[in-house]
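J.: In case you want the letters, here they are:
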Amino acid sequence: MSILTLNNVHKHFGETPIICGVNLNIEEGERHAIIGPNGAGKSTLFHLISGKYPVTEGTISLRGQAIQNLPPYEIARRGLARSFQVTNIFPRLSVFENIRCGLLWKMGYGYSFWNLLGRQHDLNTAAHGILDQIGLSQRADYPAGELAYAQQRALELGIAIASGAEVIMLDEPVAGMSHSEAENAVALIRRVTEGKTLIMVEHDMSIVFGIADRISVLVYGELIACDTPSNIRSSEKVQEAYLGTVTADE
Amino acid sequence: MKKILTKSLVWIGYLAVLLLLPQFFDSILAVSLFNQMAIAIVFALSYNMLLGQGGMLSFGHAVYFGLGGFLAVHALLLIEFETVYFSIVYIPLLAGLVGLLAALFIGSFSTRKAGTVFAMISLGIGELLAASSLIFVSFFGGEAGVSGDRTYGPPLFGVEFFQNIEIYYLAAAWMFVATLFMYLFTQTPAGRMANAVRDNPERAEFIGYSARRVRYISFCASGFFAGIAGGLYALNYEFVTEETLNAVTSGRVLLMAYIGGLGYFIGPILGAVILTLMNSLLSNYTDLWMLYLGILFLLTVLFLPKGFAGFIMMHRVAWLQRRIRKLVLPYLATAIPAMVFMATCVLMLELSHLEDESISVLNMELSASSSSTWLGLLLIASTSMLVTRRTLPALREAWESANHVADEPESKS
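Chains P and X, in that order, give the protein sequences. Using our numbering, you'd call the opening residue of the first sequence number 3 and step up by one each time. Using our numbering, you'd call the opening residue of the second sequence number 1356 and step up by one each time.
Hint data in this document are derived by calculation from the structure and do not stem from the laboratory. Take the hints with a grain of salt, since some may be wrong.
[Unchecked claim] With a Cα cut of at most 20 Å, we get these calculated SDA-like pairs of lysine to any residue:
id	chain 1	residue 1	chain 2	residue 2
1	X	1362	P	3
2	X	1661	X	1672
3	P	198	P	3
4	X	1357	P	123
5	P	108	X	1468
6	X	1358	X	1654
7	P	54	X	1469
8	X	1357	P	142
9	P	54	X	1557
10	P	54	X	1554
11	X	1468	P	198
12	X	1362	P	198
Can you make the complete structure from the sequences, with help from the hints?
T.: See the structure below:
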């Protein structure tokens, strides 16, 4: 069953078309990667799905429900969480508080000003559980802004999974990391998205081919291919448009 | 468990201080000073819910304070003319509800965005209300203001609120309750999300929270507590004018919160105490006290961006390392010449604006018209300035060594 469906999605900024009629079906439990050259519109597509930008035309549905043009918080409440290309955390809150904030809505606290956080045993246990998963338990009381870069990325992933979302979208999760950091990050991503649907944008092809079940190739706002990694690798159309130089290097 | 115990002890200590203060300082001046402090503390804490915790810079927070005050003084009048019949101790709650009501309305559009948009709207609303208060004379009393009498209400346990000390206990009780609830608010999901929205409104939206709604809740709570402070003001002075809701009052509460320290719950309390002291005591000695306040604010912004509370908290690492004693001498070495420098500057300022043109200091008559006075003062000022600068490297070194912790990146702050 497809969990996320994009139907003829368009996005224009003024006169400039950025996304031109994207159709995409993502199956439940799938690991899907979106690749494409710089400026192809990958991040814009992420912003459209997660509600940061309104779509110009077309529909996006999550589990059959239309979500296009809903505000981000409504989409998040329906079970779609994302990370960002640039680290996007709550820098002055502690690492623990960052995760706890990510948990609040799912655990039903809403905008409560009558529950004391310190007394919410289940909430605090869950937050510590996620810190263990992402390997930041030792740093629980640090201000998040003082963590090392790779740790901040891990924290961001932690905030995304804390929401309990079934669809996790990661925008270049290992960009700017050293090789060993990236390896750890990939292992972490695999572990915490177990049983969930993962959609990621990534430039590092070795990571993309290693992790994805299917790959979509976006070029100038159009999806030119959507297939298994091996088919994408051998597709001439993709080679021409994008992969050529990369596969030659390998 | 230990944490809860220490926290409870802090609150019990706070209550004890409030109860015992008038036993030690019972002069009329002291008690009236305490009353002003209580009002300022509630007001400054409510302001910090916006700026420190919610990231909303408001230039019009006096609106909620002033409306609470005006409602309270009208409530006193209603009691006086026997339209209603209840004890005046409940008036701050009513004033708080008016603040809440105003915030419910104004916040519904002003909290859409933080930053400049919010700041400008708050400024506009503040000016609008201050101007209206001079126009709608029947409620605001025009330039003369509205006065009431708090002693007409039914006595509570025989207390009729003739004396300032009775108002002190009333204000202290309200302050204690308000402080407690404002603190507890910071520990709730809504309070924590206010911090999250302050840090990163975009991210907050992607974890399921509308940043606008989160701001709105803080804004309303803040208006409520500002209203309580306004109610206490009306009970204390029995007289409310346009000044309580204009930009001067809004500016003063900003200064209190900022000088005290925005990042800490206790910051605005310190700021309120410091500014009330300056306001009441310093103004007895010099006409220039506003200038000194401005300089204090400037120095805080430049050198103590986290305020006095932040300055105190800076010493936490050294304290935990038991190295705080190593800082005493270097601090004194810098502070003494620095204070001589500041005192000389103050003298020059005072001399330059005094009318009788002479001032006596340490049994010396300093005349503003003699050039030797000025030369001497300039000499002292520049020397002390130089000495201060010479001591700074030693202080910095002592600071580094007192704060050096192996494997603790925290020490860099």
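J.: Take the hints in turn and mark each one as holding or not.
T.: A quick look at each hint next to the structure:
1. Annotation: proposed proximity of residue 1362(X) to residue 3(P) is violated, straight-line Cα distance about 53 Å (limit 20 Å).
2. Proposed proximity of residue 1661(X) and residue 1672(X) is supported: the alpha carbons are some 16 Å apart, at most 20 Å.
3. Our distance criterion of 20 Å between C-alpha atoms is met by residue 198(P) and residue 3(P), whose separation comes to about 13 Å.
4. With a C-alpha separation of about 17 Å, the suggested pairing of residue 1357(X) with residue 123(P) holds against the 20 Å cut-off.
5. Annotation: proposed proximity of residue 108(P) to residue 1468(X) is violated, straight-line Cα distance about 25 Å (limit 20 Å).
6. Between residue 1358(X) and residue 1654(X) the alpha-carbon distance is near 35 Å, which puts this suggested pair outside the 20 Å criterion.
7. The suggested pairing of residue 54(P) with residue 1469(X) holds, with an alpha-carbon distance near 18 Å, which does not exceed 20 Å.
8. A threshold of 20 Å between alpha carbons decides the hint, and for residue 1357(X) with residue 142(P) the separation of about 19 Å falls inside it, so the pair holds.
9. For the hint linking residue 54(P) to residue 1557(X), the alpha-carbon distance of about 9 Å falls within 20 Å, and the restraint holds.
10. With a CA separation close to 18 Å, the supplied pair residue 54(P) and residue 1554(X) stays within the 20 Å bound.
11. Between residue 1468(X) and residue 198(P) the CA atoms are separated by roughly 34 Å; this puts the pair beyond 20 Å, and the hint is violated.
12. Distance restraint check for residue 1362(X) and residue 198(P): the Cα-Cα separation of roughly 42 Å exceeds the 20 Å cut-off, and the hinted pair is therefore not satisfied.
Going down the numbered hints, you'll see the structure goes against 1, 5, 6, 11, 12, while the others check out.
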